[in-house]
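*Asks:* Protein chains in written order, with the numbering used here: chain A, 9 to 299; chain B, 12 to 286.
It is possible that part of the hints are untrue.
Unchecked claim - Here are the simulated BS3-like pairs of lysine-lysine, each with C-alpha atoms no more than 25 Å apart in a straight line:
#	chain 1	residue 1	chain 2	residue 2
1	A	14	B	113
2	B	116	A	108
3	A	264	A	244
4	A	78	A	54
5	A	69	A	244
6	B	116	A	14
7	A	14	B	274
8	B	17	A	108
9	A	78	A	264
10	A	56	A	244
Rather than coming from a laboratory, the hints here were simulated on the basis of the structure.
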Amino acid sequence: MFKKKKWAPFFFIAPAVIILLLLVIFPLVYSLGVSFTNWNIVRGGKWKFVGLGNYAYIFLKDPYFRTSLKVTLIYVISVVALETILGLIVAMLLNRPMRKIGLLRTALVLPTTMTPVVVGIIWRLLYNPELGTLNYFLELFGFQPLNWLGDPSTALPSVIVADVWEWTPFMALILLAGLQSLPHDPFEAALVDGASSFQIFRYVTFPLLLPTLIVAVLLRTMDAFKTFDLIFVLTKGGPGMSTEVLSYYTYRYGFKFFHIGRASAYSYVLLIIVIAITQLLLRFIREGEER
Amino acid sequence: MIAGRKRVLDVLVWVGIGIVFLVVLFPPFMLFLTSIKTNVDALKYPPVWIFRPVASNYREIFRLIPFGHYLFNSLIVALVSTFIALSVGSLAAYGLARFRFKRSKDLSFWILSIRMTPPVAAAIPIFIIMRTLHLLDTYLALILAYCTFNIPFSVWLLRGFFQEIPREIEESAMVDGCSPFAAFWKISIPLIAPGIAATGIFTFIFSWNEFLFALILTGSRAQTVPVALTGFIRETGIMWSHMAAAGVLAMVPMVVFTALVQKNLVKGLTMGAIK
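Can you make the complete structure from the sequences, with help from the hints?
*Replies:* Given below as structure tokens:
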């Protein structure tokens, strides 16, 4: 029945595809072209074709690219690792029959659906060296107050903590859903065999949960590469370059220095990194779908 | 003996859950507390815990800056973008869920992969194009920019909802003489109405929360709430109590909406990748 009318699929799908081609693919192709020029919008419309010049600059000459890449990798790896471990712990804690689970879930997911700028504001308030609550608690327990976001050595860890607060609930919710959809039989069999809680986790729960865990980790990894709002509100990449992640660095090139050519090249470098990870994610999802 | 150990474990678990919720809820609680303090109280250190709460900050943000205007902008942009994403997205989602054609699977994954594009990569060319078209600082610029992530999201999520209805229902309608579009519109859409509502709430939340496009594409006229919030951070210092009040107002609708979609929360946050 669905095969007879050949025009039907195109009628349904075409509007979305046309809009996405115009709004995403055309701009991306356009900026690929721009990435081969030295276009700077403050210098007016004059630009020259520089071939791979911008890319050569990024990889060979730019003293800050490597720093920014390093900051990005430290950031992404730390937040994903921490959020996965903490998320798994929270999911295990909540994985029990409970009344009011809906209410708890809404409270738990508050950080994740909260406007990211507001998350940034909240943490700026907590970290503030003059009036922040965190220093108040530090002093209360006899520690030295810290200049959390103002000191290059603590700025990145501080931003990471805010990200962990924002996204651990996301991880926990996905893993909780995964835990609740696991079959009962393997657990009963393990209990009958007299396995300890740790053994059950290690040999039953963890392997069964692994597909969910992988998808969650990859989703979170891709998002972590894009982090912009939190950096913008908390540190603007500073102090120095200590929190200058690639997405923020690209933004600065484009919208502070207006060097559109080089910013486009930067955005392509970022894009390629994310595409590589996306491909990995899609492969996992696809395998899951075909099963 | 074993029962005793079990009880100890139970207590530990509940203590753990308590700590989790304390950590989750304390930061927004501090924001709320700051929002009902006078500026003098907000700047006191050590922080004051007992004070006379005031509502003046909530009134003043509408007087100090055109906050009502920004709320209105956010609302318009999010609503229109949601409407476009739902109409275009439900058509495409239905097409992808129901028809098998060459490369239909590749098309699905192509649409999904658009959602994964780092916004900053799309932001630069979109900015240049909007500038050339003289669309900077208009609702249209933001609405179009938000379509880049809302359409892929709604296609992917709605596709999952369509796949859940048995295709026999539509087939029997078509045997009775319905066109494919009539089957879609009269049979399938009503059946997934809850899914459409959930998808709409998600796209609304994403649009409301979006910051990067709003930052670069708008000036004063079309500015949205998240960008307006950063306006309280000034060279001369931060207007804490006012910013906190504005932050609470930006947050409240999202809390309500989250509560509404909480059944579909995991599906939405992962675009249905995990069942």
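*Asks:* Next step is simple, just say for each hint if it's right about the structure.
*Replies:* To see whether the hints hold, each was checked on the structure:
1. A:14 - B:113: Given that 25 Å is the threshold and the Cα spacing comes to 12 Å, the pair holds.
2. B:116 - A:108: violated, 39 Å
3. A:264 - A:244: Distance ~12 Å between residue 264 (chain A) and residue 244 (chain A) Cα, so the pair holds.
4. A:78 - A:54: Roughly 34 Å between the alpha carbons, so the hint for residue 78 (chain A) and residue 54 (chain A) is violated.
5. A:69 - A:244: holds, 23 Å
6. B:116 - A:14: holds, 17 Å
7. A:14 - B:274: violated, 37 Å
8. B:17 - A:108: holds, 23 Å
9. A:78 - A:264: holds, 22 Å
10. A:56 - A:244: Violated. Residue 56 (chain A) to residue 244 (chain A) sits at ~31 Å, over the 25 Å cutoff.
Hints 2, 4, 7 and 10 from the list above are not met by this structure, while the remaining hints are.
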